[in-house]
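Engineer: Sequence:
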Amino acid sequence: MAVVTGAGSGIGRETAITLARAGAAVVVSDVSEHAGQESVDIIGDTACFITTDVTDRASVQHLIDETLRRYGKLDVAHNNAGISGDVGRTADLNAEDWGRVIAVNLTGVFNCLQAELRVLVPQKSGSVINTASVLGLGAIPEQAHYIAAKHGVIGLTKAAAIDYATSGVRINAVAPAPVRTTLVERLDAENPGYIERLSSYIPAGRIALPAEIAQAVLYLASDASEFVNGTVLRVDGALAAL
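Under my numbering, the first residue of the sequence shown carries the number 264, and numbering increases by one thereafter.
A few of these clues could be false.
Said to hold, decoys possible - Below, a list of computed lysine-lysine pairs in the BS3-like style, where the Cα atoms sit at most 30 Å apart:
| # | residue 1 | residue 2 |
| --- | --- | --- |
| 1 | Lys336 | Lys387 |
| 2 | Lys421 | Lys336 |
| 3 | Lys387 | Lys421 |
Calculated from the structure, these hints are not laboratory results.
Between the sequences and the hints, there should be enough to build the whole structure, so can you do that?
Structural biologist: Written out as structure tokens, the structure is:
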């Protein structure tokens, strides 16, 4: 039984599809009812949709409570909901935009993780996978808010893994390189050559596909990664090797 936040598009949608194909019942969670229901329609009867705003602790608690009411358990959680925010040098970033990115990308993961652990720790089993980024392991210009949030997700993942290392619950993160999502394709349409420029930085010569990140999440969700805990799994086309 798996819960995926931000499952209305991109990595989250592909993860929900991949987990369902692997045999899991999946709760598709997203702030957009339309997008989330689209994902459910793609997956079929093994999925359901629950509207969730990860910045709202009551909304997150409702997600977990409703999951338990419908399915009676929780095995896997993929905390994936995230936004990008406007770009700009650090001194020029809008404070409201900073707050919004941190609220969704970092505090949202914290809110979900807390609610999930209160279920998983007592049952002494479960796997949590947080979506970080290669930008949580480094930096580029003009994205201080996003970079700070993703560094925070990695720190939170490691801290929680240590806190619960003997509990039977595993907490890991995936750190993708740029991924060909709807957002990235829109940016490419607005700024011709954007995807090509991103691809030029990656030794593999292209950006990742959402399904490739979903396969990494599936591994971390599965018993094949039973002794993997507190790890950040890069999915980056050899970017780390540079």
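Engineer: Each of the hints needs a verdict: does it hold here or not?
Structural biologist: Hint-by-hint comparison with the structure:
{"no.": "1", "hint": "Lys336 to Lys387", "result": "12 Å, holds"}
{"no.": "2", "hint": "Lys421 to Lys336", "result": "25 Å, holds"}
{"no.": "3", "hint": "Lys387 to Lys421", "result": "18 Å, holds"}
Violated hints are absent here; each numbered hint is respected by the structure.
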